[in-house]
Structures are given as structure tokens and as C-alpha cells.
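Asks: If you read the protein sequences in the order shown, they are chains Z and R.
Using the working numbering, you'd call the opening residue of the first sequence number 1 and step up by one each time.
Using the working numbering, you'd call the opening residue of the second sequence number 1001 and step up by one each time.
Please note that the accuracy of each hint is not assured.
Unchecked claim - Some chain Z residues close to chain R (C-beta under 7 Å, calculated; not the full set):
no., residue
1, Asp24
2, Glu42
3, Ile43
4, His48
5, Gly72
6, Tyr74
7, Thr104
8, Phe107
9, Pro109
As the list claims (entries may be wrong) - The following label-pair restraints were derived from C-beta to C-beta distances:
no., chain 1, residue 1, chain 2, residue 2, range
10, Z, Asn63, R, Glu1015, 17 to 23 Å
11, Z, Thr73, R, Asp1057, 44 to 50 Å
12, Z, Leu97, R, Ala1020, 21 to 27 Å
Said to hold, decoys possible - Calculated pairs, PhoX-like style, for lysine-lysine (alpha carbon to alpha carbon, straight line, at most 25 Å):
no., chain 1, residue 1, chain 2, residue 2
13, R, Lys1002, Z, Lys78
14, R, Lys1103, Z, Lys44
15, R, Lys1002, R, Lys1079
16, R, Lys1002, Z, Lys41
17, Z, Lys78, R, Lys1042
18, R, Lys1103, Z, Lys51
Calculated directly from the structure, the hints in this document are not laboratory data.
We treat Cβ as the ideally placed atom computed from N, Cα and C, and that holds for glycine.
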Amino acid sequence: EAGVTQFPSHSVIEKGQTVTLRCDPISGHDNLYWYRRVMGKEIKFLLHFVKESKQDESGMPNNRFLAERTGGTYSTLKVQPAELEDSGVYFCASSQLRTSGTDTQYFGPGTRLTVL
Amino acid sequence: RKEVEQDPGPFNVPEGATVAFNCTYSNSASQSFFWYRQDCRKEPKLLMSVYSSGNEDGRFTAQLNRASQYISLLIRDSKLSDSATYLCVVNDLQAGTALIFGKGTTLSVSS
């Protein structure tokens, strides 16, 4: 079974430009999460989709970040315009939908974003 | 105060050594606890869940003390392949299913 995939693996852009990250979750996983690790800091939650709906976006840093999951399959995270502090590794994770408790979140390899 | 605190290390140990990592969490409402392993420039991977009764998986033993809000991971008979960063992770299901990570503890096992 294929794992969580993310594209691109690396992106280098200039401040003010736009970047779109993509995540393909494990097939059949309704939960999709975005996390980010900024250099020297811990991995932090950004937002959570259940199918195509945003369940929790409390971790989104500001309105320059827009996440979508049309059709409840893959998700995109757009940063527009990018700022220097947006540099970091963006991880996507997916898990099965459970009515209670928590299911294992499987992480993708991440997209390493560098804003110059 | 950080939600999840870990000693960053690095812990440098010889093969065969026993090493213990500790972690504290600030939210007493936390309900699920995990140790993830992250290799350099790779994604985090679940190592084991942590239960109140303590649990063991081969050379790895995890313990949880809810009263002290403390989690531990013990690795026995360290292997070179155990070299990685170990992430302490908690979750408050009432607040959602998002994971809350510590910064990680780096382990380096040498021959």
C-alpha cells in the first residue's frame, strides 16, 4: 500500500512569491493533517480535514495560508505571498476516521520550503 | 511553558547500552501519548503508543505517569540503527485529534 506522498520535496522561492504544496493521503484515509516544522522548533499542527471539510484550522498562522481538499482526496496548501518566516518543513499526515479514540497518523516525507 | 518538553540531548551511547528519555507535558487533559522516531531529513514514524500500565515492544519500554504528567522511553541493548531523534507526542482528544510534539531527543549510538 502506498504511503502519504507530498510534492514537491523541495521548493526554493523568493519572498513575495506564491507556492503550492500538495499532499496525497493514504487511500481511504478521511483524516488529513498539515503540520510544519520551523528550524529549531518543534513540529506544529496547522490544520485538519475530515474528508473535504476543515475540522480544525486553529494552527494556521495567518491568512497568507490557504488549504483546500476538494473532493476529499488530495490536499493543497498555498502560501501567498510567502515570507521569510514561512521557511521550514511542511508535513502532511493522514489517518482513518474513527468515531472514538485516535488512529495512527502516518506522515508523508515532507516538503522543505525555503523562502529567500 | 512548552506543552511538551524533552531533553534535546544529544545522547551519545555505545552499542549495547541502555538509554532512557524523559518527557513532560503541561496539559493535564491530554489523553493519548506516543513516541515517534524521526531519522535525519525523514518523516516522523510511530514507534509506540504509551499506556498508563506501561508497555513494552522488544527492546523498547514506555511508561506514563499521569499524576506527574511524565512519559518515558527506555531502550535496552542499543543498536547502531537506533540512532535517530525521538519525539514525545501527546494529544487531547477533547480538543481535537491534532498531535502536539516535543522538540525531540537526539540519540547517537556508536560502535
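Asks: Give a verdict on every hint.
Replies: So, going through the hints one by one against the coordinates:
| no. | hint | in the structure |
| --- | --- | --- |
| 1 | Asp24 | violated, 14 Å |
| 2 | Glu42 | holds, 4 Å |
| 3 | Ile43 | holds, 4 Å |
| 4 | His48 | holds, 6 Å |
| 5 | Gly72 | violated, 17 Å |
| 6 | Tyr74 | violated, 17 Å |
| 7 | Thr104 | holds, 5 Å |
| 8 | Phe107 | holds, 4 Å |
| 9 | Pro109 | holds, 5 Å |
| 10 | Z:Asn63 with R:Glu1015: 17 to 23 Å | violated, 51 Å |
| 11 | Z:Thr73 with R:Asp1057: 44 to 50 Å | violated, 33 Å |
| 12 | Z:Leu97 with R:Ala1020: 21 to 27 Å | violated, 36 Å |
| 13 | R:Lys1002 with Z:Lys78 | violated, 28 Å |
| 14 | R:Lys1103 with Z:Lys44 | holds, 10 Å |
| 15 | R:Lys1002 with R:Lys1079 | violated, 31 Å |
| 16 | R:Lys1002 with Z:Lys41 | holds, 11 Å |
| 17 | Z:Lys78 with R:Lys1042 | holds, 22 Å |
| 18 | R:Lys1103 with Z:Lys51 | violated, 29 Å |
Of the numbered hints given earlier, the model fails hints 1, 5, 6, 10, 11, 12, 13, 15, 18; all others are met.
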